[in-house]
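**Q** Could you put the whole structure together from the sequences, leaning on the hints where they help?
One letter stands for each residue in the lines below.
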Amino acid sequence: MSQASQVQEESGLKAYKQWATVMMSFLMAVSISACGAREAPPAEQSAPKPAPAAQAPAAPPYPTKQIEYIVPYSAGGGVDLVARATADYLSKEWGQPIVVVNKAGGGGAVGAEYALKQAKPDGYTALAVNVSNTTMLTAGMVNSPVKNEDQIYAARIGKGTLAFAVKADAPWKDFAEFSQWVKENPEQLTWTSVGPAGFSAFGVAEWMDTIGADFSKSRMIVTKGASDSVPKVAGGHAVLAVHTIGEIMPMVQAGKVKILAVSGTKRSPFLPDVPTAEELGIKGLTVFWWTGVSFAKGTPDYVVEKWQESIAKMEQDPEFAKKLSEIQVEAAYAKSADFIQDVNQETGYYTDLATKKNIRK
Amino acid sequence: MDTIQLLMDGFSSALSLENLLMAAVGALVGTFVGVLPGLGPTSAIAILLPLTGVLEPTQGIIMLAGIYYGAMYGGSTTAILLNIPGEISSVPTCLDGYPLAKKGKGGPALGISAIASFGAGVLGVIGLVFFAPILADQALKFGPPEYFALMLLALTLMVSLSGGSLIKSFLMGAFGYSLSLVGLGPSSGMPRFDYGVSQLMGGFDMISIIIGLFAVTEVLKGIEERRSGATIAKTGSVYPGKEELMKSAAPMLRGGLVGFFLGLLPGCSAAITAFLAYDLEKKVSKHPERFGNGAIEGVAAPEAANNATSSAGFIPLFSLGIPSSPPLAILLAGLMIYGLTPGPVLFEQHAPFVWTVIASMFVGNTMLLILNLPMVWVWVKLTRVPYGIMAPIILMFCTIGAYSVRNSLFDVSTAFLFGALGYLFHKYKWPVVPLVLCFILGPLLEESFIQTMAMGAGNIAIVWSRPISLVILVAAAALLVISILLNRRTNKRVREEQAHGIDVAS
Amino acid sequence: MIRPRNLPDLIASLLCIAFGFIVSREAYRLESYAGSVYVGDHTLPFLLAIVFVVLGAALLFQSFRAKIGEGEGAAHDPESLAGNREISRLILCFVTLFLYVWLLDWFGYVLATLLASFVLFRLIGFYRWLTSLFFSILLTGCLYVVFIYWLQITFSRGSFFD
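Chains as they are written, first to last, in our numbering: chain A, 1 to 361; chain B, 1 to 506; chain C, 1 to 162.
Watch out, some of these pointers could steer you wrong.
Facing chain A, according to a computed beta carbon distance under 7 Å, are these residues of chain C, among others [claimed, not checked]: (1) Y33; (2) Q152; (3) T154.
If you are wondering where the hints come from, they were derived from the structure by calculation, not from laboratory data. All C-beta atoms, glycine included, are put in the ideal place defined by N, C-alpha and C.
**A** Shown next, in the form of structure tokens:
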């Protein structure tokens, strides 16, 4: 017994020694490589990084290495597809790989947080933004994890029109009739959204506000997104789904749902037969979906300019235009300054709306 | 008939050399990726999505689809041989596959799982060919109350999966649910259990937890036991005997049917159907106590179910554009990149494309079988690699697997942390399967509950006032009673077995 | 001799009860965001908190009551099977893994993987210096080619090299 424990103790000691040597070597390797790493870069970096004062006249070459394009949603959504098309074009244009990295979670906040706060603001981490993880996030939460001040909006790339869809055999003839019904029976309206501060929620809140119906009496059915909510409307488990046209289209073509109206001032090129809400006398529906690219605060100006220029050029490319129309997104380029202005304006408007409708928490 | 004609045309183009090659490459890559811990179909397809830029649409989709069901199959290989499920839906396969492998019957178990996968895959594709539009319509009738009832039904599984102490099983289940709660709350959109940590806002990723609890834990266990080879030496012949085939024929069919019909429902992942099929088999069996100790039926049923589910998922995807699981959502992205919007219009406008892809699924499933029966030896050889080499490699793969899902190092830490937890659970005999099951079901249960309450304007009576959900509820109640009775019997049997000195894995 | 056997369960049950209270606190916090008292994000946490406390208490009770439980005895076996040496190796292995995650962020994928796999080969496989080095270089190289170069998984470039 005692012998056995002695053996064990001995072997324990041996293991400890072994570990100690391993760890020592580990640490040594670490420190060596660390020193090496510290010494090496300055020599390299001194060239592309001149003193700040000298930066103004000649912008350093950009990009000189791979760029990460963070999409804060999982692959396959509208934001992701636009980002992939953009990355495709720009990698060819600039001759440097642009890799789309999906960092999903937290309704787009996790990826945004990473790109804006954790990554270096050196222009090699871009963020795909859309209406949900910017203005609506700020409007819906008193203390949102990412704010407009944290980022520089470089360019808007595309937008999507809002469509109001109900079950294919629903009794309402058009949007005006439906609005009238909702006004009279707000307690019977169920609509789908990813959450109280989701894209659909703002669309519904604005519309109900416009027609004078009581938003608080209607009921929200929480879903995971369009692929989950449109089938619910088609199956009669919810009355109304508000999404972009591209998200509803397959089910419209399947004859399971119908689109009563689209928002905006003119008809969508993808649905020329569907009237706008304005044509039917319901004015003031402004909520629309957009996507673009932004950078962390502190990113050099030449990066933002480069993106803005190249994206402007990209929007003229017929190949890119074809890709956009395939996913039913309209081109809607806006340069950085205009984009920032639009976003700020929108934030103010949504915050008011959210406060009024008790969405903001 | 029109459909047959179209299908035949599809076959003739699917059998072209190029498309055959794509299906083979897809199936191979899929199997390989599925074998690696944590790299399941979702990450495999997501990683390979950029390839679609190079390939023609038909070829690209054939390959992605091949990866999808190849990965589904590959996951079971390591589940059986190493007790490491390559992806979540292989967890039930571990329960009986690994004990079988320990008994030296790893070969037949792998063979049966290949055959079950093939049979169910073909069943699913036949369903896709002939009933796609009708079935898609039926799936739409499943609303929140029905899902809620279905989730309650799945909850009864906890009782039969406990394998020992019911209290521990329920506590682990509750722990699994709690973990699934982390992240944004569905109804308020407010972060829950985040304590100000931004990564927690995104919640825990299912894959990293599975990797931790199974793969990392298994490695840690191996270190403790100072294993020399990765696993048992003997695997036996790959080709199952007549007796085994006879025994698993019925479970395969039942598992396939369960997997197929539940697979039509969006959100019912292969993991859920595989668990349900496993449990069904256990209930139907005359000797439920054999389950968990190496019952071949326990391998056949979940394998058939998970493959049937993955085939059935194509029905709502192609006919309505609804992806019913994460890998299909990414496949949908692949379709969208090509400008092929799924829906009935896809069948009309791109008929050759659709039928070629469908035909290639038959081809792909056959290819999986042909490739895999002989390939099993390769995987078996893999397990003979000395443990000292294998373990670090597995850990490195775990790292990549956990990372690649969301490109997050947080997920990697989570995987390692759960590896340690899993080790402790194993040591003190706390069953991990209820934890995994509840973690998978948690979001669905909560969401369907909240949706149901919103639909019923705060009145839960809506659940039993709708016919489909009422039937499911009654079935759940009946199952609960049966489970508790069976559980008692099984526990008694297990105790008897233990008294005879047989080690019963929990 | 009876108490120690139940000790793991006793500790676990206490942990469960504590966990129940943590969950219930969160449920209480979430209730303020919900429109209804019964339905909302707090419903499930609230139920779970009850489950934890009640079942935790049941387990606590059981851990005292069960004298020589048949199943409980088995829990003791693995511990005696694995000596202290194995336990310490386990812990070292574990520490290495966490260091690895941390290093991934600092050194980038290649260097961190090289170091971590080297340590793991030595720890788990007891290979000699050169063998371990060889294996780790081979492994890192393969992983790099397949995942980083070919499949384009983007790991951190390593903060040291920027």
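**Q** A separate judgement is required for each hint: does it hold in the structure or not?
**A** Here's how the hints hold up against the structure:
1. For Y33/C, the interface hint holds, since its Cβ comes within 7 Å of a Cβ in chain A; the closest pair sits about 6 Å apart.
2. The criterion of a C-beta within 7 Å of any C-beta in chain A is met by Q152/C, whose closest approach is roughly 6 Å, and the hint holds.
3. With a cut of 7 Å, the hint placing T154/C at the interface with chain A holds, because the nearest CB-to-CB distance is about 5 Å.
Comparing the model with each earlier hint shows no violations; every hint is respected.
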